[in-house]
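**Student:** Residue strings, one per chain:
There are 2 protein chains.
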Amino acid sequence: MKKSILKKYAHLIACVGARVQKGQEVFISAELDQPEFVRMVAEECYRAGASKVTVDWHDQALDRLHIRHRSLKTLSTVPSYELERWKYQAEVLPCKIYLISDDPDGLAGVNIKKMTLSQQAKMKIIKPIRDQMEDKYQWCIAAVPGVAWAKKVFPHLSKSRAVEALWEAILTASRVTDDPVAAWDRHNADLKARCDYLNGLGIKELHYTAKNGTDFRVRLMDESIFEAGGEYTLGGNFFNPNIPSEEVFTSPKRGEAEGIVYSSRPLSYNGKLIDNFSIRFEDGRAVEVHAETGEDLLKEMIAMDEGASYLGECALVPYTSPIRESGILFYNTLFDENAACHLALGRGFGTCIRDFTKYTQDEMREMGLNDSVIHEDFMIGTPDLSITATTRDGKEIAIFRDGEWAF
Amino acid sequence: MKKSILKKYAHLIACVGARVQKGQEVFISAELDQPEFVRMVAEECYRAGASKVTVDWHDQALDRLHIRHRSLKTLSTVPSYELERWKYQAEVLPCKIYLISDDPDGLAGVNIKKMTLSQQAKMKIIKPIRDQMEDKYQWCIAAVPGVAWAKKVFPHLSKSRAVEALWEAILTASRVTDDPVAAWDRHNADLKARCDYLNGLGIKELHYTAKNGTDFRVRLMDESIFEAGGEYTLGGNFFNPNIPSEEVFTSPKRGEAEGIVYSSRPLSYNGKLIDNFSIRFEDGRAVEVHAETGEDLLKEMIAMDEGASYLGECALVPYTSPIRESGILFYNTLFDENAACHLALGRGFGTCIRDFTKYTQDEMREMGLNDSVIHEDFMIGTPDLSITATTRDGKEIAIFRDGEWAF
Chain A
32 MKKSILKKYA
42 HLIACVGARV
52 QKGQEVFISA
62 ELDQPEFVRM
72 VAEECYRAGA
82 SKVTVDWHDQ
92 ALDRLHIRHR
102 SLKTLSTVPS
112 YELERWKYQA
122 EVLPCKIYLI
132 SDDPDGLAGV
142 NIKKMTLSQQ
152 AKMKIIKPIR
162 DQMEDKYQWC
172 IAAVPGVAWA
182 KKVFPHLSKS
192 RAVEALWEAI
202 LTASRVTDDP
212 VAAWDRHNAD
222 LKARCDYLNG
232 LGIKELHYTA
242 KNGTDFRVRL
252 MDESIFEAGG
262 EYTLGGNFFN
272 PNIPSEEVFT
282 SPKRGEAEGI
292 VYSSRPLSYN
302 GKLIDNFSIR
312 FEDGRAVEVH
322 AETGEDLLKE
332 MIAMDEGASY
342 LGECALVPYT
352 SPIRESGILF
362 YNTLFDENAA
372 CHLALGRGFG
382 TCIRDFTKYT
392 QDEMREMGLN
402 DSVIHEDFMI
412 GTPDLSITAT
422 TRDGKEIAIF
432 RDGEWAF
Chain B
32 MKKSILKKYA
42 HLIACVGARV
52 QKGQEVFISA
62 ELDQPEFVRM
72 VAEECYRAGA
82 SKVTVDWHDQ
92 ALDRLHIRHR
102 SLKTLSTVPS
112 YELERWKYQA
122 EVLPCKIYLI
132 SDDPDGLAGV
142 NIKKMTLSQQ
152 AKMKIIKPIR
162 DQMEDKYQWC
172 IAAVPGVAWA
182 KKVFPHLSKS
192 RAVEALWEAI
202 LTASRVTDDP
212 VAAWDRHNAD
222 LKARCDYLNG
232 LGIKELHYTA
242 KNGTDFRVRL
252 MDESIFEAGG
262 EYTLGGNFFN
272 PNIPSEEVFT
282 SPKRGEAEGI
292 VYSSRPLSYN
302 GKLIDNFSIR
312 FEDGRAVEVH
322 AETGEDLLKE
332 MIAMDEGASY
342 LGECALVPYT
352 SPIRESGILF
362 YNTLFDENAA
372 CHLALGRGFG
382 TCIRDFTKYT
392 QDEMREMGLN
402 DSVIHEDFMI
412 GTPDLSITAT
422 TRDGKEIAIF
432 RDGEWAF
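Chains A and B, in that order, give the protein sequences. Residue numbering for the first sequence follows my numbering, starting at 32 and increasing by one per position. Residue numbering for the second sequence follows my numbering, starting at 32 and increasing by one per position.
Mixed in with the good hints, there may be bad ones.
Put simply, identical chains are the same to the list, so a pair is met inside one copy or across any two.
Below, computed lysine-lysine pairings styled on DSS-like, alpha-carbon distance capped at 25 Å [as the list claims (entries may be wrong)]: (1) 190 / 303; (2) 118 / 104; (3) 118 / 167; (4) 127 / 104; (5) 330 / 182; (6) 223 / 127; (7) 53 / 145; (8) 33 / 190; (9) 155 / 183; (10) 426 / 53; (11) 104 / 53; (12) 34 / 182; (13) 223 / 330; (14) 389 / 34; (15) 153 / 104.
These are computed hints drawn from the structure, not numbers from a lab.
All chains should be modelled from the sequences, with the hints used to inform the complete structure.
**Tutor:** In structure tokens form, the structure reads like this:
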């Protein structure tokens, strides 16, 4: 991929994604796949005025080794210095940039039970500290191609061509045009207009139906608002947490969802696939799941903690989304979630509560915002999906018809 | 390079180099050049019973960015979590493995003054903690080829062939034969016999002369002993800190060196070369230096702290050492120091004091063991080098004649 294009993408991530402020610290998390691009992002952060950029290199292959060879006890331990690092971040409120490139099958063969148990144990220790920085710092997830990921998406191409093709697909989906900053300004404005319309309706309930059997109702909180594209930190810094981002989303009210939904795309969870599955909700809780592939994994996922079986997100994406129209299945939520309407199990978003800055985390949970260590999107959008809203004053309004916006 | 050979090398590093003990933690430090080999070493550590292996990935190119863009103040700061990590290591006493592959020219163009000042400031904070673990843990430095390093050593080869050629050179120098463990057992036994002879002589002073003008006398401490190959931690774990290692070395008495030495090979310091230099000593201190290349750098090096201008090591390597005979200039001290007799400015080795376990760090400094944040080897071995020892009972004994062992 041409260096000049990659520089634009690096700039987009630093200045539109994380929107690094002068004097701010930045932590970049990256796999080993694209070190040159990681350095470009670091340089763009410095150009934007970052006081210090720290890169945390990760290696999925090493993670596999650790899970195989370490005891559950050492895997579950958070050493003092790691805890101190979280505390430091909660105090300093750095930008966090995640450059993902994981192999979708990267954890195949791993003892998922052992991994899950150790993650639960560690999150229990880390989460209270991480919660202190919630909504206070800018962050951005963007993608770079890894060889294994590229070969999964383009199995018929050679390694180097597959990586090049995945670069192409990532850059197109991420609107890395001649002037990506302007493109994102326009895109954010479009998404905002849609949110404003939806937030003016006073929606109480969404009713999803599709020919595959989906028939599902979910209540929103009185305070639920739809969000899309960029968002603000409590301190007032605008940033774009996801590159790309096509969805218009909100967080529903915990405990008020009924009916069944059928998946329309596979879900890649911890490097393994869950496919052709359904989830039945009662009183907001996933009470029955079936899956042709990965049923046990799905069951483990919703048992991660209490909130893992409740919904944290309802996201609206038209079936004609450019990412779906590309025809590419990315095997990666950052992209695939922007190809179709989806729901998420697990943690809800504080920013989806009107005037969320007024409330504490506890108050938001009280209102019905779900909490969990997980937040896992799964796709339910089909070409025939209908969504009808019931407003608080009793009107029925078409939101989606035949998989498209109905307004 | 064939995977089966690399596995033997990885095993050598884990089990002969660091000699990982059952239940021990291991920290591996590596550049991004050879991730597959790094994983092999991690796996061999686990096979040896490591309870946890942590890999710290470094990137020299990012270091350059940091030095360019960060203020001296942020560069000089050790964040709380990094300090906590040193304290953790001082408590846990893990094995530390350093897989080096740095580009010898990797810091060209860097503001050396800024880098040096920030290193001094950080070392001041870290050193007291690092000192607590001195001589208590196993560590091993070994090399893997990076592209830039390989191209420096083999400029006429293509990148991939240069890397292959450097692998070959590293593996040969490191005695990675059919059975590297047995080869190292034999090698350690040979080196030990030489040390035993030297340590039986009761050497008081070494006198170096060569036709290039070198005429230099250095006193040893009464307690100085020659060491080579493997050594023991205070807890009794045998390990090989350097792979390869051909030298027989001791630490001299601080403050008692007179005369002038001329370099016989370039010194690569912080990624830059110092070449064709001489150092004149008075009362043990480097009082006058000249260099055709890098004189300023050499002056900065010996000004790092007070101990940086005193000697920490005298090492004996015959001119027919296999590493010199390979004819390859590695531009890397780990190899080049095993090609010729050398001295080191800076920190001396506690293990070069007889029964060092009986003494505290302070007591050893009292005896004349030098201390510094640096330890920089420089080569003085030539084909005509003579070294004559004067023993404590007044005898003169030939140690080296014409660049070779004289016994």
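**Student:** Of all the hints given earlier, name the ones this structure violates by number, lowest first.
**Tutor:** Failing hints, ascending: 5, 9, 10, 13, 14.
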